[in-house]
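Engineer: So the protein lines, in turn, are chains A and B. Numbered according to our numbering, the first sequence spans residues 1 to 114. Numbered according to our numbering, the second sequence spans residues 1001 to 1114.
Note that these hints are calculated values from the structure, not bench results. Every value quoted in this text rests on a predicted model; they were computed, and no experiment measured them. Possibly wrong hints are sitting among the right ones.
[To be verified] Short derived list, chain A residues pointing at chain B, Cβ under 7 Å:
(1) 42
(2) 45
(3) 50
(4) 52
(5) 70
(6) 73
(7) 105
(8) 106
(9) 107
Beta carbons are placed, not taken as given, at the ideal position from N, Cα and C, and that holds for glycine.
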Amino acid sequence: EAGVTQFPSHSVIEKGQTVTLRCDPISGHDNLYWYRRVMGKEIKFLLHFVKESKQDESGMPNNRFLAERTGGTYSTLKVQPAELEDSGVYFCASSLGQGGHEQYFGPGTRLTVT
Amino acid sequence: AQSVTQPDIHITVSEGASLELRCNYSYGATPYLFWYVQSPGQGLQLLLKYFSGDTLVQGIKGFEAEFKRSQSSFNLRKPSVHWSDAAEYFCAVVTFPGFQKLVFGTGTRLLVSP
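Bound conformation, chain B alone (with noise of 0.2 Å):
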C-alpha cells in the first residue's frame, strides 16, 4: 500500500533562513504528490503537484519542491521564509488504482522565530 513519511514533527527555522521540508513515499509507479498546508483556523491549502515531466515543481508563496525518484522523495523548499509561513504542511500521494482518495504523511509543523 501506498504510504508518505514526514521525519520531521516539528521544524523551527529563523526568519528569512531557507527551508527544507522532507517527504518519503511508497509507491510502486510514479507517484502523484502533493503538498498541502494547514494555516491556524483553516481548510488545507494546496501548495504543489507533481504527476510528470520536469521533477522540480513551482508552487504557490514561493514554494518549490523537487522529485527525486532515486531516492523516493518529494521535499519542499522555500529560499526565504516568513512569519507567515508558519503552519503545519501535509505531503501526500494519491492512491492507485483510482486515482481517488489521497494518502498523507503525519504533517510537520513549521515555527518561525524572529
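Bound-form chain A, shown alone (with noise of 0.2 Å):
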C-alpha cells in the first residue's frame, strides 16, 4: 500500500512568487491534514479536510494560504504570494477516520522563501 506522498520535496521561490504544494492522500482516508515546521519551531496545524470539506481551517496563518481538495483525494496548498516566514516543512497527513486514528505523514515539502 502506497503511503502518503507528497510534491516536490524541496522548492525555492522568491518573495512574491506563487508555490502550490500538492499531498496525494493514502486511498480510501477521508480525513487530510495539513501540518507546517518553522524552523526551530513544533509543527503546527494548518487544516483539516473531511473528503473534499475543510473542517477546521484555524491554523491557517492568513489568507495569502489557500488549500483545496477537489474531489475528495488529493490536496493542494497554495501559497500567494510567499513572504520571508512562510519558510518552513509542510508535512501532509491522512487517516482512515478521527480522533485516536493514526494520522500517517508524508515525507514534508521543504520551502525556502528568498
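Two independent chains are provided; combine them into the complex using the hints.
Structural biologist: Right, here's the structure in full:
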C-alpha cells in the first residue's frame, strides 16, 4: 500500500512568487491534514479536510494560504504571494477516521522563500 | 489550550545504553497522547499511543512510554538504543473537543554515539 506522498520535496522561490504544494493521501482515507514546521519550532496544524470539505482551518496563518481538495482525493496548498516567514517544512497527513485514528504522514515539502 | 513540552532539544546516547525522552503535556482531562519519530528524509512514523487503560504502553521498534497523570508526563523509553534509532522524536496530544488535530512538542533530536 502506497503511503502519503508529497510533491515537490523541495521548493525554493523568491518572495512574492506563488508556490503550490501537493499531497496525495493514502487511498480511502477521508481525512487529510496539513501541518507546518518552521525551523526550530514545533509542528503546527494548518487545516483538516474531511473528503472535500474543510472541517477545521483554524491554523491557516492568513489569506495568502489557500487549500483545496477537489473530489476528496489529493489536496493542494497554494501560497500566494509567498513571504520570507512562510519558509519551513509542510507536512501532509491522512487518516481513516478521526480522534484516535493514526495519522499517516508524508515526507514533507521543504519550502524556502528567499 | 492544550500544549506539549519536550524539554530536551538534543540528546546523545551511546549505542546499547538506555534512553528516556521527556514529554510533559498541559490538558484538563485524560489526553490522547502519541509519540512519533522522523528519520532523515522520511515522514513522521507513529511509535505508540495512549488513550486509556494500562499506563505503560508498548510500541514498535522496542519503545515504550509511561503515562503519569500526577506528573502530566508521557516519557518515551528504550532499554538499549541502536544506531538506527538516531532520529527526531515528537510527542503530541490530540485536541479536545473533536479529537482531530495533533498538537506537537518541539521535538528531541537523538544522536547515537558508537
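Engineer: Take the hints in turn and mark each one as holding or not.
Structural biologist: Against the structure, the hints come out as follows:
The criterion of a C-beta within 7 Å of any C-beta in chain B is met by residue 42/A, whose closest approach is roughly 5 Å, and the hint holds. With 7 Å as the threshold, the beta carbon of residue 45/A comes within range of chain B, its nearest partner Cβ sitting at about 4 Å, so the hint holds. With a cut of 7 Å, the hint placing residue 50/A at the interface with chain B is violated, because the nearest CB-to-CB distance is about 9 Å. With 7 Å as the threshold, the beta carbon of residue 52/A stays out of range of chain B, its nearest partner Cβ sitting at about 17 Å, so the hint is violated.
With a cut of 7 Å, the hint placing residue 70/A at the interface with chain B is violated, because the nearest CB-to-CB distance is about 21 Å. Taking 7 Å as the C-beta cut-off, the interface hint given for residue 73/A is violated, the closest approach to chain B being about 19 Å. Here the hint on residue 105/A is kept, as its CB sits about 4 Å from the closest CB of chain B, short of 7 Å. Given hint, residue 106/A at the interface with chain B, holds; its Cβ is 5 Å from that chain's nearest Cβ, closer than 7 Å.
A hinted interface residue such as residue 107/A counts as satisfied when its beta carbon comes closer than 7 Å to some beta carbon of chain B; here the least separation is about 5 Å, so the hint holds.
In terms of the numbered hints stated before, the structure departs from hints 3, 4, 5, 6, listed from lowest to highest.
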